[in-house]
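Peer 1: Here is how the chains run, residue by residue.
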Amino acid sequence: MTELVQQLVDGLGRGSEYALIALGIAVMFGVMHLVNFAYGVLITVSGYAAFYVLDAGWSWWAAIPAIIGASVATSLVTELVAFRRVRGADDATMLLTSFGLFFVVSALFVMYVGPNVKNFERPSWVTNTVTVGSIRLEVFDLTTLGVTAVTLAGTAFLVRRTMFGISLRAAAADFDAARLMGVRSNRVIQGAFALAGLLAGIASVFILMRAGRTSPTFGETAMLKGILAALIGGLGSLSGAVIGGFTLGLVEVFLIARLPDDLVGLTNGIVFVLIALLFIFRPGGIVSVRHAERV
Amino acid sequence: MALLEVEDLSCRYGSITAVRDVDLVVDAGELIGLIGPNGAGKTTTLNGIAGLHPPAAGRVVFDGADITGAAPDALLRSGLALVPEHRRIFVDLTVEENLKVGGVTADRRTREQRLDELGERFPVLRAKWTTHAGYLSGGEAQQLAVARALMSSPRLLLMDEPTLGLAPTLVDTIFELVVALRDAGTTLLVVEQNASRLLEIADRAYVMRTGEVATSGTGAELLAQGDLFESYVGGGA
Amino acid sequence: MSIALVRRGLAPLGGSAVLFGVLLAGATLYASSGGASRDRLVTQMMINAIIVVGIQVFVGSTGILSFGHVGFAGIAAYVFAVLAIDSERKATIIGNAPFGLADVDVTPWVALLAAIAVCVVVAVVLGLGLVRSGAQSGAVAATVITLSLLFVVHEVAVNWTDLTGGDRAGLSFAIGDTLSSMAPVYVALFASIVVARLFAETRVGWYARASRDDTLAARAMGINPSVPQMVALVVSVVIVAVGGSLRVYDLGTVTPKFFFLDYTLLTLTMLIVGGRRSVTGALVGTVIITAGNELARYLAGPDVDVPGMDWLFREGLSEIFLGGAMLGFMILRPKGLLDDWELDRWWSDRWRRRHEATPTAPATAPAPSPATLTTSAVTVEFGGFTALRGASIAARNDAVLGLIGPNGAGKTTLLNVITGLVPPTTGSVALDGVDVTSWPSHRLARDGLVRTFQNLRLFGSLTVRENVAVAALVGEQFRGDRQRPTVDELLAVSQLWEQRDRRARELDYGNSRRLELARAASVAPLFLLLDEPTSGMSETESLEMIGTVRTIAAAVGAGVIVIDHDLGFITGICETITCLDQGEVIAVGTPAEIQADPAVRAAYLGTHTPSAP
Numbered sequence: 000m001t002e003l004v005q006q007l008v009d010g011l012g013r014g015s016e017y018a019l020i021a022l023g024i025a026v027m028f029g030v031m032h033l034v035n036f037a038y039g040v041l042i043t044v045s046g047y048a049a050f051y052v053l054d055a056g057w058s059w060w061a062a063i064p065a066i067i068g069a070s071v072a073t074s075l076v077t078e079l080v081a082f083r084r085v086r087g088a089d090d091a092t093m094l095l096t097s098f099g100l101f102f103v104v105s106a107l108f109v110m111y112v113g114p115n116v117k118n119f120e121r122p123s124w125v126t127n128t129v130t131v132g133s134i135r136l137e138v139f140d141l142t143t144l145g146v147t148a149v150t151l152a153g154t155a156f157l158v159r160r161t162m163f164g165i166s167l168r169a170a171a172a173d174f175d176a177a178r179l180m181g182v183r184s185n186r187v188i189q190g191a192f193a194l195a196g197l198l199a200g201i202a203s204v205f206i207l208m209r210a211g212r213t214s215p216t217f218g219e220t221a222m223l224k225g226i227l228a229a230l231i232g233g234l235g236s237l238s239g240a241v242i243g244g245f246t247l248g249l250v251e252v253f254l255i256a257r258l259p260d261d262l263v264g265l266t267n268g269i270v271f272v273l274i275a276l277l278f279i280f281r282p283g284g285i286v287s288v289r290h291a292e293r294v
Numbered sequence: 000m001a002l003l004e005v006e007d008l009s010c011r012y013g014s015i016t017a018v019r020d021v022d023l024v025v026d027a028g029e030l031i032g033l034i035g036p037n038g039a040g041k042t043t044t045l046n047g048i049a050g051l052h053p054p055a056a057g058r059v060v061f062d063g064a065d066i067t068g069a070a071p072d073a074l075l076r077s078g079l080a081l082v083p084e085h086r087r088i089f090v091d092l093t094v095e096e097n098l099k100v101g102g103v104t105a106d107r108r109t110r111e112q113r114l115d116e117l118g119e120r121f122p123v124l125r126a127k128w129t130t131h132a133g134y135l136s137g138g139e140a141q142q143l144a145v146a147r148a149l150m151s152s153p154r155l156l157l158m159d160e161p162t163l164g165l166a167p168t169l170v171d172t173i174f175e176l177v178v179a180l181r182d183a184g185t186t187l188l189v190v191e192q193n194a195s196r197l198l199e200i201a202d203r204a205y206v207m208r209t210g211e212v213a214t215s216g217t218g219a220e221l222l223a224q225g226d227l228f229e230s231y232v233g234g235g236a
Numbered sequence: 000m001s002i003a004l005v006r007r008g009l010a011p012l013g014g015s016a017v018l019f020g021v022l023l024a025g026a027t028l029y030a031s032s033g034g035a036s037r038d039r040l041v042t043q044m045m046i047n048a049i050i051v052v053g054i055q056v057f058v059g060s061t062g063i064l065s066f067g068h069v070g071f072a073g074i075a076a077y078v079f080a081v082l083a084i085d086s087e088r089k090a091t092i093i094g095n096a097p098f099g100l101a102d103v104d105v106t107p108w109v110a111l112l113a114a115i116a117v118c119v120v121v122a123v124v125l126g127l128g129l130v131r132s133g134a135q136s137g138a139v140a141a142t143v144i145t146l147s148l149l150f151v152v153h154e155v156a157v158n159w160t161d162l163t164g165g166d167r168a169g170l171s172f173a174i175g176d177t178l179s180s181m182a183p184v185y186v187a188l189f190a191s192i193v194v195a196r197l198f199a200e201t202r203v204g205w206y207a208r209a210s211r212d213d214t215l216a217a218r219a220m221g222i223n224p225s226v227p228q229m230v231a232l233v234v235s236v237v238i239v240a241v242g243g244s245l246r247v248y249d250l251g252t253v254t255p256k257f258f259f260l261d262y263t264l265l266t267l268t269m270l271i272v273g274g275r276r277s278v279t280g281a282l283v284g285t286v287i288i289t290a291g292n293e294l295a296r297y298l299a300g301p302d303v304d305v306p307g308m309d310w311l312f313r314e315g316l317s318e319i320f321l322g323g324a325m326l327g328f329m330i331l332r333p334k335g336l337l338d339d340w341e342l343d344r345w346w347s348d349r350w351r352r353r354h355e356a357t358p359t360a361p362a363t364a365p366a367p368s369p370a371t372l373t374t375s376a377v378t379v380e381f382g383g384f385t386a387l388r389g390a391s392i393a394a395r396n397d398a399v400l401g402l403i404g405p406n407g408a409g410k411t412t413l414l415n416v417i418t419g420l421v422p423p424t425t426g427s428v429a430l431d432g433v434d435v436t437s438w439p440s441h442r443l444a445r446d447g448l449v450r451t452f453q454n455l456r457l458f459g460s461l462t463v464r465e466n467v468a469v470a471a472l473v474g475e476q477f478r479g480d481r482q483r484p485t486v487d488e489l490l491a492v493s494q495l496w497e498q499r500d501r502r503a504r505e506l507d508y509g510n511s512r513r514l515e516l517a518r519a520a521s522v523a524p525l526f527l528l529l530d531e532p533t534s535g536m537s538e539t540e541s542l543e544m545i546g547t548v549r550t551i552a553a554a555v556g557a558g559v560i561v562i563d564h565d566l567g568f569i570t571g572i573c574e575t576i577t578c579l580d581q582g583e584v585i586a587v588g589t590p591a592e593i594q595a596d597p598a599v600r601a602a603y604l605g606t607h608t609p610s611a612p
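Protein chains in written order, with numbering that gives the first Met the number 0: chain A, 0 to 294; chain B, 0 to 236; chain C, 0 to 612.
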């Protein structure tokens, strides 16, 4: 029993990271109809920002704003350089744009920073635990969980209740019609990218604290997990993204715990297969989002 | 001084000149019609004025200021609003949210006030306040589009085919609304397929054909032209 | 020689031969003036071309972007390698392989067949999820699922070391045991091109493209999008499986990295440069990117030392080139260099135009045996809102029934119920006595209920003629026994003949409405259900439509149910009119009766009397 609860908490902790990334993906998709491959780039850039700051002798208190700042700035740059120019194009075009961008940036890192993994110090409290009854909880997991909950609430509020959020959804639905209403659509879309950058930054903080290293392709797997989490939850739904993230985290932890040793390496593979099955039986994801369309 | 003056307006789509040397004058308080067959360039003209499609040549002067090619969001702040062709309401937003977007340039209190006013004026919309706009019928959507444009209290309201696809009673409602707006002080420039009905209420109208202004006059004058008029409005482009 | 035979058979064969010939000639020329490295490059380019063509078959037909085809190629490569590597070698590299595979010894042919078979099985399973998910959440969800496949294959290849050799050593053939002649590659490439072009011109290929442009409209014309999508997937996977097997057989080795993101970038860039929708484009793109990539690799390599350019000519340049090409094309020319142009179609279109005659008006169909379409007490509730309440209407297939009423009265909802888009909460729909309530739209269309849409839904990238022709294919397949006007006759009577070669999305409003009508009629339905066919038309055009609709209905022998707000049109064309208000039928009668009915006047017609002109 305690083992189960332990795994539950571990899963939720791991799932929180996925949930944060999925949230950023969901903001981009639900609001811009864009599945952004280049999202992984934000995580990679954050990694290098952390490395350079820590390498220069600063503490994690300096690294955190550096991470978030780098992520937001990079996100805005990708909007300016690439995504603004394919606005309104079909989904496949935008996907491919982000795909190409992802490779270009990764290649730039390889060319100018070097392909090697860069290690850095993890903060000292990462390995702290707290014991409740017979369950050992990692402080890190609890913090991630808490931050995720707050972030979700904040993002949901922003997108659903504020004028910024309403303007954003309008501009995403019909860029020109929104301008006719007086919405500064360009600014508003930039705002969305900044928001997505912020979310990626927050996620990166925790991912980097846990991993303690970075490389040109570091963001790849995390991003893919985030995309899958958003899909599982129901693409376009903010709460779905978070649910998807937690689900993914839990499934992973349970699989790792239960699988016989020689099959553990196949965890990821099994997860992917389960996801494919989910889509056969529930194509819209857990929180299926229906689009209002009158025929 | 006229509220809106359009001089020698020309608009192009690639190599095709859709609108050529169009002159229009709209005085404050007037209801001006813009009629003509399909493909005559009426929508292109409105879009050229409202900043959706920057003109290739010519000038647009609004309330004394040259606004040629200005961005639509800037124009809205100056008091010029467009109810576009096919309405273009935001289908994934609720009725209330659609209206709020229309009032994005106003401060919160004014916006809330206008929401209340429009809710009263359009009871059909009030009944569906939290419905996603994508589920509205054609007539409801048209009312939403007009109400949305009214959220910014424009001085000049451009309307592109407001009765497209509407049932006759609703056509009545829309025309009554247009007259009421004019009576309350809004200046209107309306493009309509339903030419005869528009001419009954318009102060003046311009008839466009193949990208140019073919003739103009008061509503009564144009209606009296009978056959000649039919040949302008009846036939295809 | 029939136009169809030329277009569907001879032209694709001929065009493929020409394309292959040009490619082969160019490649041979290039390779002859160089050494072994040039031979290698040419072989690899041709193998890549096979895979790119395979991907194109799927992406071009369905419009769904797939990242998974490289995963399929990887599956094929591993299956092929595991089987084709001789058992002596297998014993040393994967001696612990499961299922006794280390002792298996088969010829490369058998290995190839096995690779194809495994890929097809996986494709069918994946396809089920893909098609269902795509229908619900759109193409993006489908694409991400294909991405999952890519990652699954990679994960399995890395981790199942007993079978795959893991990610360090992988699998490798014994020296000298690899592909020795170019002939299989040539044959495979030529075959792939031919299959791709022939598939595109089959009925299924056309159904796929129509579904790609507008899934809902395709269903309304009787097409079930899932089937063409699955077929396209399987055909594409077979081609890709051949390419993957050849790749490993030629390279002599495989590791997980060979069929992962880098190769996906390479093949997708090749695809989009030429144009996602064209086989010719796929080949053109492959050549251009191969050349560019080689140049980039050369510049970044040790043989080049240009002073001052070291910052650019270094490792990573190749990825910058590929990623940059991808980005550049998506921003500047997302349709690719050729968009959907095909060599053989260009030629066969010219041939057709020289040989086709201006069509005459269609003959009137013989009087159809009477059939009725009725709804009985249909009620539709959306959440708390009742859109329809006990609506019963009756239509005959030799008459025109009008449906009028204020907006929100439920007219389109009723149409949606009849055509299977909306299930009624209670009540039923019967076609000629058969209960067809809640049948899926495509099945209803095949049985004779075809509709047009209030918000235009044409197959935009297809020409005017092709829009009508693809519906005619459905008519031919499912309603072959009925009298059908030819495509050309329908175009003529709808005044669309002059525009027949223009893309549907370029048409103006009036012509678009007429095309919707012609396309629907082409299926040879029992009943045509028209949703606001004169919306946006001028008075003259609306009155002309009366004649057009009558003629077309007579040519096809169909009854008509029409929703519209243009009173001149409705009273002119209908024998009977039903008026709805707030979800209920409030009056049924002749046009004269309806116009005099006080309930109808109050709810719908209004009290406005026009001033005399």
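Since the hints were derived computationally from the structure, they do not count as laboratory data.
Glycine included, each C-beta is placed from N, C-alpha and C at the ideal position.
Check before you lean on any hint, since a few could be wrong.
[Said to hold, decoys possible] Okay, the calculated beta carbon distance ranges per label pair:
| no. | chain 1 | residue 1 | chain 2 | residue 2 | range |
| --- | --- | --- | --- | --- | --- |
| 1 | C | 35 | A | 185 | 29 to 39 Å |
| 2 | B | 111 | C | 373 | 48 to 58 Å |
| 3 | C | 597 | B | 65 | 52 to 62 Å |
| 4 | A | 126 | C | 97 | 14 to 24 Å |
| 5 | B | 13 | A | 185 | 43 to 53 Å |
| 6 | A | 83 | C | 256 | 50 to 60 Å |
| 7 | B | 209 | A | 185 | 48 to 58 Å |
| 8 | A | 83 | C | 429 | 31 to 41 Å |
| 9 | A | 111 | C | 28 | 51 to 61 Å |
| 10 | A | 157 | B | 111 | 17 to 27 Å |
| 11 | C | 427 | B | 108 | 51 to 61 Å |
| 12 | A | 113 | C | 300 | 12 to 22 Å |
| 13 | C | 39 | A | 276 | 34 to 44 Å |
[As the list claims (entries may be wrong)] Which chain C residues stay away from chain A? Per the calculated CB distances, all over 10 Å, these:
| no. | residue |
| --- | --- |
| 14 | 106 |
| 15 | 142 |
| 16 | 154 |
| 17 | 158 |
| 18 | 159 |
| 19 | 293 |
| 20 | 314 |
| 21 | 315 |
| 22 | 333 |
| 23 | 354 |
| 24 | 385 |
| 25 | 476 |
Peer 1: With reference to the structure, classify each hint as holding or not holding.
Peer 2: Okay, the hints, checked on the actual structure:
no. : hint                         : in the structure
1   : C:35 with A:185: 29 to 39 Å  : 55 Å, violated
2   : B:111 with C:373: 48 to 58 Å : 50 Å, holds
3   : C:597 with B:65: 52 to 62 Å  : 55 Å, holds
4   : A:126 with C:97: 14 to 24 Å  : 39 Å, violated
5   : B:13 with A:185: 43 to 53 Å  : 24 Å, violated
6   : A:83 with C:256: 50 to 60 Å  : 34 Å, violated
7   : B:209 with A:185: 48 to 58 Å : 35 Å, violated
8   : A:83 with C:429: 31 to 41 Å  : 54 Å, violated
9   : A:111 with C:28: 51 to 61 Å  : 39 Å, violated
10  : A:157 with B:111: 17 to 27 Å : 20 Å, holds
11  : C:427 with B:108: 51 to 61 Å : 54 Å, holds
12  : A:113 with C:300: 12 to 22 Å : 18 Å, holds
13  : C:39 with A:276: 34 to 44 Å  : 42 Å, holds
14  : 106                          : 30 Å, holds
15  : 142                          : 6 Å, violated
16  : 154                          : 4 Å, violated
17  : 158                          : 3 Å, violated
18  : 159                          : 7 Å, violated
19  : 293                          : 17 Å, holds
20  : 314                          : 7 Å, violated
21  : 315                          : 4 Å, violated
22  : 333                          : 5 Å, violated
23  : 354                          : 36 Å, holds
24  : 385                          : 17 Å, holds
25  : 476                          : 25 Å, holds
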